[in-house]
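K.L.:
Here is how the chains run, residue by residue.
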Amino acid sequence: MHIQTVISTNSNFMNRIVDKEFLSENVVKIVVEAPLIAKSRKPGNFIILRISDKGERIPLTIAAADEEKGTITLIAQKVGVSTEKLAKMEVGDSLHDLVGPLGKATEISKIGTILACGGGVGIAPLLPIVEGFKKAGNRVISVLAARSKDLIILEDEMRKWSDEVIIMTDDGSHGTKGLVTEGAEMVIKREKVDECIAIGPAIMMKFTSLLTKKYDIPTQASLNSIMVDGTGMCGACRVTVGGKTKFTCVDGPEFDAHQIDFDEMMMRLGGYREEEKKDYERFMSQV
Amino acid sequence: MTILSEYLKERRNEEWRAELRKKLKGKERTSIPRVKMPEVEPQERTKHQNVEVNLGLTEEQALVEASRCMDCATPTCIDGCPVQINIPEFVKNIERKEYGLAAQTLKKTSALPAVCGRVCPQEKQCEEQCFYTTKLGKDPIAIGYLERFAADWERESGEMSVPECAPANGKKIAAIGSGPASLSFAGDMAKLGYDVTVFEALHEIGGVLKYGIPEFRLPNSVVDVELENLRKMGVKFVNNFIVGRTASFDDLKEEGFEGFFVASGAGLPRFMNIPGENYNGIMSSNEYLTRVNLMGAASDDNDTPVLRGKTVAVIGGGNTAMDSVRTSKRLGAERSIIVYRRSRAEMPARVEEVNHAEEEGIEFMNLANPVEYFADEKGRVNKMRVQHMELGEPDASGRRRPVPVEGSEEDIDVDLVIVAVGVSPNPLIPSCLPELKVSKWGTIEVGDNMQSSIPVLFAGGDIVRGGATVILAMGDGRKAAASMHEYLSGEQKND
Ligand SMILES: Cc1cc2nc3c(=O)[nH]c(=O)nc-3n(C[C@H](O)[C@H](O)[C@H](O)COP(=O)(O)OP(=O)(O)OC[C@H]3O[C@@H](n4cnc5c(N)ncnc54)[C@H](O)[C@@H]3O)c2cc1C
Ligand SMILES: Cc1cc2nc3c(=O)[nH]c(=O)nc-3n(C[C@H](O)[C@H](O)[C@H](O)COP(=O)(O)OP(=O)(O)OC[C@H]3O[C@@H](n4cnc5c(N)ncnc54)[C@H](O)[C@@H]3O)c2cc1C
Ligand code: SF4
Ligand code: SF4
Ligand code: FES
Numbered sequence: 005m006h007i008q009t010v011i012s013t014n015s016n017f018m019n020r021i022v023d024k025e026f027l028s029e030n031v032v033k034i035v036v037e038a039p040l041i042a043k044s045r046k047p048g049n050f051i052i053l054r055i056s057d058k059g060e061r062i063p064l065t066i067a068a069a070d071e072e073k074g075t076i077t078l079i080a081q082k083v084g085v086s087t088e089k090l091a092k093m094e095v096g097d098s099l100h101d102l103v104g105p106l107g108k109a110t111e112i113s114k115i116g117t118i119l120a121c122g123g124g125v126g127i128a129p130l131l132p133i134v135e136g137f138k139k140a141g142n143r144v145i146s147v148l149a150a151r152s153k154d155l156i157i158l159e160d161e162m163r164k165w166s167d168e169v170i171i172m173t174d175d176g177s178h179g180t181k182g183l184v185t186e187g188a189e190m191v192i193k194r195e196k197v198d199e200c201i202a203i204g205p206a207i208m209m210k211f212t213s214l215l216t217k218k219y220d221i222p223t224q225a226s227l228n229s230i231m232v233d234g235t236g237m238c239g240a241c242r243v244t245v246g247g248k249t250k251f252t253c254v255d256g257p258e259f260d261a262h263q264i265d266f267d268e269m270m271m272r273l274g275g276y277r278e279e280e281k282k283d284y285e286r287f288m289s290q291v
Numbered sequence: 002m003t004i005l006s007e008y009l010k011e012r013r014n015e016e017w018r019a020e021l022r023k024k025l026k027g028k029e030r031t032s033i034p035r036v037k038m039p040e041v042e043p044q045e046r047t048k049h050q051n052v053e054v055n056l057g058l059t060e061e062q063a064l065v066e067a068s069r070c071m072d073c074a075t076p077t078c079i080d081g082c083p084v085q086i087n088i089p090e091f092v093k094n095i096e097r098k099e100y101g102l103a104a105q106t107l108k109k110t111s112a113l114p115a116v117c118g119r120v121c122p123q124e125k126q127c128e129e130q131c132f133y134t135t136k137l138g139k140d141p142i143a144i145g146y147l148e149r150f151a152a153d154w155e156r157e158s159g160e161m162s163v164p165e166c167a168p169a170n171g172k173k174i175a176a177i178g179s180g181p182a183s184l185s186f187a188g189d190m191a192k193l194g195y196d197v198t199v200f201e202a203l204h205e206i207g208g209v210l211k212y213g214i215p216e217f218r219l220p221n222s223v224v225d226v227e228l229e230n231l232r233k234m235g236v237k238f239v240n241n242f243i244v245g246r247t248a249s250f251d252d253l254k255e256e257g258f259e260g261f262f263v264a265s266g267a268g269l270p271r272f273m274n275i276p277g278e279n280y281n282g283i284m285s286s287n288e289y290l291t292r293v294n295l296m297g298a299a300s301d302d303n304d305t306p307v308l309r310g311k312t313v314a315v316i317g318g319g320n321t322a323m324d325s326v327r328t329s330k331r332l333g334a335e336r337s338i339i340v341y342r343r344s345r346a347e348m349p350a351r352v353e354e355v356n357h358a359e360e361e362g363i364e365f366m367n368l369a370n371p372v373e374y375f376a377d378e379k380g381r382v383n384k385m386r387v388q389h390m391e392l393g394e395p396d397a398s399g400r401r402r403p404v405p406v407e408g409s410e411e412d413i414d415v416d417l418v419i420v421a422v423g424v425s426p427n428p429l430i431p432s433c434l435p436e437l438k439v440s441k442w443g444t445i446e447v448g449d450n451m452q453s454s455i456p457v458l459f460a461g462g463d464i465v466r467g468g469a470t471v472i473l474a475m476g477d478g479r480k481a482a483a484s485m486h487e488y489l490s491g492e493q494k495n496d
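Which chain is which? The protein sequence lines are X and S, in order.
Numbering of the first sequence is given in our numbering, commencing with residue 5 and proceeding in unit increments.
Numbering of the second sequence is given in our numbering, commencing with residue 2 and proceeding in unit increments.
Since the hints were derived computationally from the structure, they do not count as laboratory data.
C-beta: ideal position from N, C-alpha, C; glycine also.
Hints may be right or wrong, so weigh each one.
[Stated by the list, open to error] Pairs of lysine-lysine residues, derived as DSS-like cross-links and limited to a Cα-Cα distance of at most 27 Å, are as follows:
| # | chain 1 | residue 1 | chain 2 | residue 2 |
| --- | --- | --- | --- | --- |
| 1 | X | K282 | S | K379 |
| 2 | X | K250 | S | K438 |
| 3 | X | K139 | X | K43 |
| 4 | X | K282 | S | K48 |
| 5 | S | K379 | X | K82 |
| 6 | S | K384 | X | K250 |
| 7 | X | K282 | S | K384 |
| 8 | X | K250 | X | K218 |
| 9 | S | K254 | X | K281 |
| 10 | S | K125 | X | K281 |
| 11 | X | K108 | S | K192 |
| 12 | S | K438 | X | K108 |
| 13 | X | K58 | S | K26 |
| 14 | X | K218 | X | K46 |
| 15 | S | K139 | S | K125 |
| 16 | S | K254 | S | K330 |
| 17 | S | K254 | X | K46 |
| 18 | S | K98 | S | K26 |
[Stated by the list, open to error] Some, not all, of what chain X presents toward chain S, calculated at C-beta under 10 Å:
| # | residue |
| --- | --- |
| 19 | I7 |
| 20 | F26 |
| 21 | L27 |
| 22 | I52 |
| 23 | L106 |
| 24 | P205 |
| 25 | A240 |
| 26 | E280 |
| 27 | D283 |
| 28 | E285 |
| 29 | M288 |
Kindly generate the complete structure, drawing on both the sequences and the hints.
P.N.:
Structure (structure tokens):
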């Protein structure tokens with residue numbers, strides 16, 4: 005049924021924004037009509053969108069989906085031109101392009117106790133995974149971390165799918181003052197953790213990974229490399245995992261964190277920093 | 002084979018052809034020199050990413066060139082063309098100024114003559130088998146230029162004919178991917194009355210013709226006209242739709258699709274797995290060309306950035322390497338260097354592109370291979386170590402194998418490296434159809450009729466051949482259409 009509508013309308017009108025809300029000053033949540041993706045997506049999948057015909061292709065995780073309504077939820081942090089523009093779009097506007105679901109889905113099964121660590125906007129991609137593990141019958145302990153209180157997003161949703169939520173902030177404005185690793189280590193020392201999931205800034209994943217390696221806890225990290233096509237065609241998203249080159253968009257985005265070369269990954273994330281800064285300054289001077 | 006030669010003979014015996022042959026003596030024809038393609042000057046053309054280098058033959062030039070063709074009794078040129086275009090017939094139609102008929106002759110066997118006239122490796126195909134090359138030792142008839150002339154003439158005349166289609170038979174067919182294989186398949190199936198939908202993963206329709214081959218060789222407008230024509234024939238296009246992900250094959254079957262043609266291309270770039278290859282400033286030619294061609298990164302209006310370099314090294318000697326190195330020159334590189342492990346004679350790129358590259362000031366470092374990259378403190382590549390090679394014994398491909406020369410390493414300062422050492426088949430479709438038979442190289446296995454191990458699924462183009470040419474992909478699409486039609490009609494009879 006939906007496929008036929010997509011064919012006869014040539015897809016684009018489908019990508020309408022039906023809801024929008026700022027979760028914090030810099031983090032926006034949008035709900036988009038995308039019935040086919042809503043139906044086929046699994047936790048861990050992402051999409052790629054373009055805002056206009058001059059826009060770049062940016063990847064965002066599918067934070068939630070409503071198969072009945074045919075919508076998906078995206079949560080984006082404003083960091084540059086495309087995410088700024090996305091945050092300026094309004095209900096009723098349509099994304100120029102939207103394709104997905106992309107990436108391998110998270111392997112979810114009943115394992116035991118899951119430690120879910122989310123940093124900043126990384127909490128958004130963590131949400132569907134936490135939901136998945138909880139529904140599969142696991143005990144889920146979530147550690148959410150950010151610089152300050154207003155940057156902790158989706159706290160209520162996370163509570164809904166976690167047995168316990170621990171909040172850590174750099175400035176102590178919410179929860180406990182300290183880093184994500186401190187919260188995680190407290191849990192590890194307290195009880196047996198069978199698996200850890202870490203999503204957030206690369207540096208946060210790196211240190212979480214070092215911590216769990218010390219305790220020999222299998223750990224997955226979800227990488228947010230630079231991407232172009234998202235279908236395995238360009239290699240922009242390549243990372244080194246266990247000494248081998250992998251493409252984040254088709255082999256990931258989740259990998260065994262203890263095998264990831266985080267330093268190389270962080271170096272590659274900065275590959276376009278200067279070009280992006282110029283674009284950003286040009287854009288901000290126009291608005 | 003005999004049917005083809007009978008047919009060719011019959012056409013050749015038509016009165017107008019016989020008359021035309023008498024107009025000039027053989028000697029007069031063979032003493033005419035081959036036409037030179039008018040082109041934009043190198044200094045001018047390297048200032049623009051989108052200016053086509055070849056301007057196309059003028060009418061006068063085309064007439065003279067067409068008159069060189071001897072209208073041979075045994076036109077060996079046709080053997081060199083993978084889709085066996087009736088070359089003398091279209092050339093002779095040009096000679097008698099029936100350009101529209103020339104274009105129609107082309108379209109009988111080729112779905113995209115304006116494209117093939119521009120990008121076929123003619124010197125290894127039709128022109129290599131031309132009587133002039135094989136028997137006279139002279140420059141062959143410029144078959145590609147003439148093909149382009151006739152196709153462009155038709156397009157620009159505004160009298161482009163939309164092929165007649167059989168009455169709709171109500172059968173829904175899916176073509177997956179929108180490169181040349183799919184486009185030719187879709188056209189043929191539409192003519193047979195099928196309801197064809199082409200699904201494309203990217204936001205643009207056209208496959209490599211859009212995201213890979215730059216506009217200075219193949220303007221997008223040429224491809225767009227062909228797409229418009231297909232639309233007029235009722236073909237539907239859906240972009241941003243990944244078959245196997247957005248919806249599965251089963252979903253499509255449930256929607257009533259009865260036949261599938263997979264032409265998902267060879268979109269997986271190979272790297273060399275040498276130290277330092279993941280530094281910033283080292284990328285695949287697919288990434289580089291996609292950023293520039295598909296995302297418009299060369300223009301300030303577009304949000305997508307592309308790294309620029311003062312000294313750019315492109316690794317490889319194929320069309321992709323030539324397209325990348327010439328693009329880098331157009332993006333302002335001071336030095337653009339091809340680093341290729343064999344010698345120039347072995348380069349797989351079209352000869353015309355290699356010549357154009359040379360005219361544009363591209364440097365060639367042949368018999369050399371990178372072995373390691375080095376970077377500055379920010380991780381941006383700043384140096385490459387190359388090892389020099391010499392040619393040894395011929396290998397399986399018949400080309401002499403490059404052998405490293407011990408102790409010949411040399412360091413070169415570079416700030417951008419484009420790796421163009423080949424592609425592998427796109428694994429997406431095989432990975433979601435476990436019952437589909439694939440070779441150890443990841444290509445889909447098909448029989449002579451392009452049918453795969455799943456009866457309703459046919460395949461063609463690079464996903465079957467693992468990286469070939471536009472004309473071969475197109476030929477596969479046509480063959481698959483004919484076989485699928487036969488298969489689906491046969492099935493109907495059995496019901
Ligand atoms: C699989 C995947 C899933 C993702 N999911 C989400 C998500 O759900 N929500 C979300 O907000 N973002 C997500 N991202 C990151 C998001 O794609 C980027 O933030 C976005 O592309 C930036 O585009 P821009 O034009 O706004 O900024 P740019 O102009 O591209 O970048 C601006 C600045 O931010 C830096 N930057 C770029 N990307 C990142 C990054 N990933 N992390 C940290 N800094 C970065 C750049 O180096 C630059 O300095 C995901 C990325 C991937 C690969
Ligand atoms: C830079 C470059 C230059 C070249 N120059 C020449 C030349 O001068 N002459 C020549 O003859 N050949 C040339 N080639 C080779 C030629 O372009 C290819 O052989 C030809 O395009 C193959 O056609 P195809 O139809 O098999 O697939 P492609 O053109 O590769 O198209 C495949 C399409 O399928 C899409 N796709 C993949 N998976 C899915 C899916 N699951 N669902 C939906 N869509 C999907 C891809 O996004 C892609 O757009 C060149 C190639 C490149 C890269
Ligand atoms: S399609 Fe290619 S090979 Fe065939 S005649 Fe035309 S240029 Fe030559
Ligand atoms: S072989 Fe050459 S001269 Fe003879 S018909 Fe073909 S193109 Fe003409
Ligand atoms: S984004 Fe192009 S290969 Fe992953």
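K.L.:
Are the hints correct? Go through all of them and say.
P.N.:
Against the structure, the hints:
1. K282/X - K379/S: Distance of about 18 Å is within 27 Å: holds.
2. K250/X - K438/S: Satisfied, since the Cα-Cα distance of roughly 24 Å is no more than 27 Å.
3. K139/X - K43/X: Judged against 27 Å, a Cα distance of about 18 Å means the pair holds.
4. K282/X - K48/S: holds (23 Å)
5. K379/S - K82/X: holds (24 Å)
6. K384/S - K250/X: Distance ~24 Å between K384/S and K250/X Cα, so the pair holds.
7. K282/X - K384/S: holds (26 Å)
8. K250/X - K218/X: holds (25 Å)
9. K254/S - K281/X: Given that 27 Å is the threshold and the Cα spacing comes to 47 Å, the pair is violated.
10. K125/S - K281/X: Violated: K125/S and K281/X sit about 47 Å apart, past 27 Å.
11. K108/X - K192/S: Violated, at about 39 Å.
12. K438/S - K108/X: holds (22 Å)
13. K58/X - K26/S: Violated, at roughly 57 Å.
14. K218/X - K46/X: At roughly 31 Å apart (the allowed maximum being 27 Å), K46/X and K218/X break the hint.
15. K139/S - K125/S: holds (15 Å)
16. K254/S - K330/S: violated (48 Å)
17. K254/S - K46/X: Holds, at roughly 22 Å.
18. K98/S - K26/S: holds (19 Å)
19. I7: holds (5 Å)
20. F26: violated (22 Å)
21. L27: For L27/X, the interface hint is violated, since the closest Cβ of chain S sits about 24 Å away, which is over 10 Å.
22. I52: holds (9 Å)
23. L106: Status holds, d = 7 Å.
24. P205: Hint on P205/X: violated, closest Cβ of chain S at ~18 Å, above 10 Å.
25. A240: This interface hint holds because 5 Å falls under the 10 Å limit.
26. E280: holds (6 Å)
27. D283: holds (6 Å)
28. E285: violated (12 Å)
29. M288: violated (13 Å)
Of the numbered hints listed earlier, those contradicted by the structure are 9, 10, 11, 13, 14, 16, 20, 21, 24, 28, 29.
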